[in-house]
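In our numbering, the protein residues as written are 1 to 416.
Hints in this document: simulated from the structure, not taken from any laboratory.
There may be inaccurate statements among the hints.
[To be verified] So the derived label-pair ranges between C-beta atoms look like this:
no., residue 1, residue 2, range
1, C197, Q45, 24 to 34 Å
2, I223, R244, 27 to 37 Å
3, I138, G213, 25 to 35 Å
4, L305, R239, 43 to 53 Å
5, H207, V56, 21 to 31 Å
6, R376, L413, 54 to 64 Å
7, I218, V56, 26 to 36 Å
8, I218, F4, 52 to 62 Å
Just so it is clear, CB atoms sit at the ideal spot from N, CA and C, and this is done for glycine as well.
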Amino acid sequence: MDSFALLFLSFAGFAGFLMAFSLGANDVANSMASAVGAKAITVRQAVVIASVLNIVGAVFLGSHVTSTISNGIIHAGMIPDAKIIMIGMLASLLSAGLWVLVATFTGLPVSSTHSIIGSIIGFGIVAGGVDAIQWKTITYVILSWVVSPFFGALIAFLVFSQIRRSILYSKEVLAKARFWAPWWVGLTVTLVVLSFCYKTPYGKSLHLGLFHGIIIFIVSMGITILVSSYYLDKTMPKRSSPERSKHAIVESLFRRMQMGTACYVAVSQGANDVANAVAPVAAIYVIATTGSLGAKVDVPTWLLLMGGVGIALGIVLLGYKVMSTVGEKITKMNNTRGFAVAFSSATTVLMASNLGLPVSTTHAAVGSVVGVGLARGFAAVDFRVLGKIVLYWLLTLPIAAFTSIVIFYILRLLFL
1 MDSFALLFLS FAGFAGFLMA FSLGANDVAN SMASAVGAKA ITVRQAVVIA SVLNIVGAVF
61 LGSHVTSTIS NGIIHAGMIP DAKIIMIGML ASLLSAGLWV LVATFTGLPV SSTHSIIGSI
121 IGFGIVAGGV DAIQWKTITY VILSWVVSPF FGALIAFLVF SQIRRSILYS KEVLAKARFW
181 APWWVGLTVT LVVLSFCYKT PYGKSLHLGL FHGIIIFIVS MGITILVSSY YLDKTMPKRS
241 SPERSKHAIV ESLFRRMQMG TACYVAVSQG ANDVANAVAP VAAIYVIATT GSLGAKVDVP
301 TWLLLMGGVG IALGIVLLGY KVMSTVGEKI TKMNNTRGFA VAFSSATTVL MASNLGLPVS
361 TTHAAVGSVV GVGLARGFAA VDFRVLGKIV LYWLLTLPIA AFTSIVIFYI LRLLFL
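Please model the complete structure; the sequences and the hints are all you need to start from.
Right, dumping it as C-alpha cells:
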C-alpha cells in the first residue's frame, strides 16, 4: 500500500468515526427518548444502556457483507474512475457526519440515512452528471417524509387510545389491566422476535418466508400470553393501597414493557445503522488496495467494533440533547404513553419495510410521539418544536448534497 492510500485511509477512518459519533449522538433518541421522558429511566441510565446495546448490535448482529456506495443511489458505471468514487465516498461521510452533528447541537432529530443519501447525490451530480443519479430512489426518500411519521402517528394514536379507553378510564382499572396486559406483552415480545428475524442482518441471513413469520407469530403470542398471565396473576396486586394507586400499578406494568421495546430498538440500531458509517470506509479500503470496487464489500469485525464504539461515544457525550427534544419537548410522557411510542415506532419500521414502503426510524419515532400527543388533543403537542424538526428534515437532503459538493472539490484538489 503506497503512502497516498495510507493517508487517504487515515482520513476515511476519521470520517467514518465522525459519522458513527454523529449517528449515536442523534439517533439514540429513537430508542431511549420516550423512556427518559416518561421517567422510566434517567438520562445517565439511558446513555449507558443504549451505548452497550448499540455496540452489541453492531459487533454481533451487524452485517459483515454490505452494499457499497452505489446502492441504488448512483449509476456507478457512469463514474468509471475508482479514485473519484473513493474521494466521493469520503466527501459523503464527512458531509453527512457534519450535518447530523450540527442538528444534534441544536437538539433536533434528523435521519442519518437521508444525510448519507443527500451527500451521495451531491458528489454523484458533480462526478457523473445529473443522469448519474437514480432519481426513483430520491422519490422514495421524499415519500418517506410522509409515510414514516404518518404511520408512526396513526399506530401510536390507536395504541394509546385503546390503552386509555380499555384500562385507564375503566371502572375496574386493575382487572382490565390484568386482562389486557398479557396481550400487549405478547404483541411486544412477538414484535421484537419478528423484527430480529426479519430486520437484523443476522435474521435476514436465515431467509425466513411468510409462512415462517405466521408460525413465529402464533407460537410467540401463545407462549407469551400464557406466561405473562400466570406471572401477573401471582404478582400483580388485586387492589390498590394508600401507598400505591391503581394507575401507579398500571404505569409500573407498562414501564417494564416500554423498557423491553426500547432495549430492542437500541440493539437493532447498532445492527442496522452502523453500516452507514463503516461500509464506505470498507469500500474505500477495497479501492485503495485493489483499485476496483464490486457491488458488495466485506466489512471486518474490527470495523464494526469501531463503528459501534463511535456510536456509543456519541450517545454518551451528546445523546441527551436530541433525547430531551423527542422525549420531553414535543408532548408530555408517562409510561403508558412511552410504551405506545416505543411499540408504534418499532411496528412502523417493521411493517413498512416488509411492505416495501420507504421508512425512516427517526421520522417514525417522532411521528409516534406526535400521535400519542394528539390522542390527548391538539393542545398536548408543541407544534413550534415540531415545526423546527420538520424544517430540518426538509433541509437534510439539499444541505448534505451542497456540503458534499464543496468537500468533494476540496478533496479532489488535495488528492488528485
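query: Quick check: which numbered hints come out false for this structure?
result: none
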